[in-house]
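Colleague: Here are the chains, one letter per residue:
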Amino acid sequence: MPQTVTIAAATGHAVDVPKGHRIRITSPAGSQAADFFAYRADNLNEWLSPMHTWVASRSVRPRAGDTFLSCMRRPLLDFVEDGAGGIHDMMIAACDQARYEQFGHKGHHRSCSENLQIAMRARGHEIAVIPQPVNFFTNTRVEENHKLVSPPNPVAPGSYVVLEAKADLICIVSSCPFDLKVPGWTINADRGPSELIVAVG
Amino acid sequence: MTEVVVPASHGRAVEVPAGRYIRIVTPQGHQAADFFAFRADDPGEWLSPMHTWVTTRSIRPRKGDVFLSRYRRPMLEFTVDKADGIHDMFLAACDAMRYELLGVKGHRSCAENLGEVMHARGHKLPVTPQPVNFFTNTKIHEDGALRAFANPVKPGAYVELEAKADLICVVSSCPFDLNSPGWAINGDVGPTELVVEVR
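Chain order of the listed sequences is U and X. Here my numbering is used: the first residue of the first sequence is 1, the next is one more, and so on. Here my numbering is used: the first residue of the second sequence is 1001, the next is one more, and so on.
Read the hints as simulated data drawn from the structure, not as lab findings. One should not assume that every hint holds.
[Said to hold, decoys possible] Each computed DMTMM-like pair below joins lysine to aspartate or glutamate, with the alpha-carbon atoms no more than 25 Å apart:
(1) X:1082 - X:1162
(2) X:1063 - U:144
(3) X:1164 - X:1197
(4) X:1164 - X:1003
(5) U:106 - X:1045
(6) X:1124 - U:46
(7) X:1139 - X:1177
(8) U:147 - X:1162
(9) U:147 - X:1197
(10) X:1082 - U:46
(11) U:147 - X:1160
(12) U:147 - X:1143
(13) X:1082 - U:78
(14) X:1164 - U:101
(15) U:147 - X:1065
(16) X:1105 - U:143
(17) X:1139 - U:66
(18) U:181 - X:1065
(19) U:166 - U:78
(20) X:1063 - X:1045
(21) U:166 - X:1100
(22) U:106 - U:179
(23) U:147 - X:1077
(24) X:1063 - X:1160
(25) U:181 - U:78
(26) X:1164 - X:1045
(27) U:147 - U:126
(28) X:1124 - U:126
(29) X:1139 - U:179
(30) X:1139 - U:144
[Stated by the list, open to error] Beta-carbon label-pair distances, calculated as ranges:
(31) X:1127 - U:108: 22 to 28 Å
(32) X:1193 - U:85: 43 to 49 Å
(33) X:1180 - U:72: 15 to 21 Å
(34) U:98 - X:1064: 20 to 26 Å
(35) U:199 - X:1154: 53 to 59 Å
(36) X:1120 - U:181: 44 to 50 Å
(37) U:72 - X:1002: 32 to 38 Å
(38) U:98 - X:1015: 23 to 29 Å
(39) X:1181 - U:147: 25 to 31 Å
(40) U:108 - X:1104: 46 to 52 Å
As the structure is a computational prediction, the values presented were derived from the model and not from experiment. The beta carbon of each residue, even a glycine, is placed where N, CA and C say it ideally should be.
Turn these sequences into a full structure, and let the hints steer you where they fit.
Modeller: Quick look at the structure:
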């Protein structure tokens, strides 16, 4: 039976994805970045690593058909279906309290790093190193002059991705809480963060 | 001034106090220098390319850029670039698994070089951080394709960085010497030594 979880705007959640099962992540309202982390259930020191993935796939943007590798270069997930037109990123570090302070925010701000830590703490795991995430539904591009740009998020309502686990995994999805107005650095929709739906089956 | 020769395919660690400069030279050219930096007072805080480029908004390090730690604090400023911008921050440090996937067992690697020199100082690293790869010729195309081209870095080319905190810096002469079509890292002559100066 598929298990469906609604991830409230700006929060995160961890789900078990056994080997051979699929995880579908949907942005019902569209334009909502989904920071995605994956750990081997039998060894939390082995996590999904974009830097090891793109050396093998030779693409810094994940594409349907690519396999996400761990920091030990082993297959963790296949990207089996892309219902978001290829609008995905693997370059942006997970936002954290320091990121919001960099932009002048005062006081606590929710972040994808904190969402990961809260979701894993609920399972009894303390996360000391925030892995580099895969950011589904996130619109970045590297220009000819090596500039990293983040134009407005064009992901349509109902867009989704489907991944198939190649090992028993714990997967964490965070609805990115980024809601600051930073010129030239758009992450989510103008109206702010929105919920994500995660289905495992 | 302290000068350390990094033998071909090996690594060396040096201490770089705040305000001092580290210069990395490729005497013969074409030699990738994998670079890692840790705060001396907390080796759990290391240089992070992914936190750096969201601030500099350039995936290639450029003279004037400041490299940030994974806590987004300044680690080093890139003060001199005598290698014409031929630097990378995308390639994960090579490791034993990388070479095994390419069919070679027991090959030296930048990850092993880093682990060895930090272990010699009494530090056990929980992870191999993403390095800055000086003298490494990659390009990202607009469609996201990642390519590594023949290494054009000239003999004697160097970079110089100013420490913004007391640091332990590790430089690895990348041992990559395999013939992997469309994936050039070092020169055709194979790995060569690097020279590190702290001034």
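Colleague: Starting from residue 147 of chain U, check that the Cα of residue 1197 of chain X is at most 25 Å away, please.
Modeller: Violated, at roughly 30 Å.
Colleague: If I claimed the Cβ atoms of residue 1180 of chain X and residue 72 of chain U lie 15 to 21 Å apart, would that claim hold in this structure?
Modeller: 20 Å, holds
Colleague: Can the restraint linking residue 106 of chain U and residue 1045 of chain X be considered satisfied, given a maximum Cα separation of 25 Å?
Modeller: 23 Å, holds
Colleague: Take a quick look at whether residue 1063 of chain X and residue 144 of chain U sit within 25 Å of each other, Cα to Cα.
Modeller: 18 Å, holds
Colleague: Given the hinted pair residue 147 of chain U and residue 1162 of chain X, is their Cα-Cα distance within 25 Å?
Modeller: Satisfied, since the Cα-Cα distance of roughly 23 Å is no more than 25 Å.
Colleague: Please verify whether residue 1164 of chain X and residue 1045 of chain X have alpha carbons no more than 25 Å apart.
Modeller: It holds: about 13 Å lies between the C-alpha atoms, which stays within 25 Å.
Colleague: Taking 25 Å as the top limit, are the C-alpha atoms of residue 1124 of chain X and residue 126 of chain U close enough?
Modeller: Holds - the C-alpha atoms of residue 126 of chain U and residue 1124 of chain X are around 19 Å apart, at most 25 Å.
Colleague: Is 20 to 26 Å respected by the C-beta to C-beta distance linking residue 98 of chain U and residue 1064 of chain X?
Modeller: 22 Å, holds
Colleague: Quick one, are residue 1082 of chain X and residue 46 of chain U close enough, alpha carbons at most 25 Å?
Modeller: 38 Å, violated
Colleague: Checking one constraint from the list: CA of residue 147 of chain U to CA of residue 1160 of chain X, max 25 Å. Satisfied?
Modeller: 22 Å, holds
Colleague: So if I understand the rule, the pair passes when the alpha-carbon distance is 25 Å or less; does residue 1063 of chain X with residue 1160 of chain X pass?
Modeller: Roughly 9 Å separates the two Cα atoms, so the pair holds.
Colleague: Is the straight-line distance between the alpha-carbon of residue 1164 of chain X and that of residue 101 of chain U 25 Å or less?
Modeller: 20 Å, holds
The structure shown violates the earlier hints numbered 9, 10, 13, 16, 25, 27, 29.
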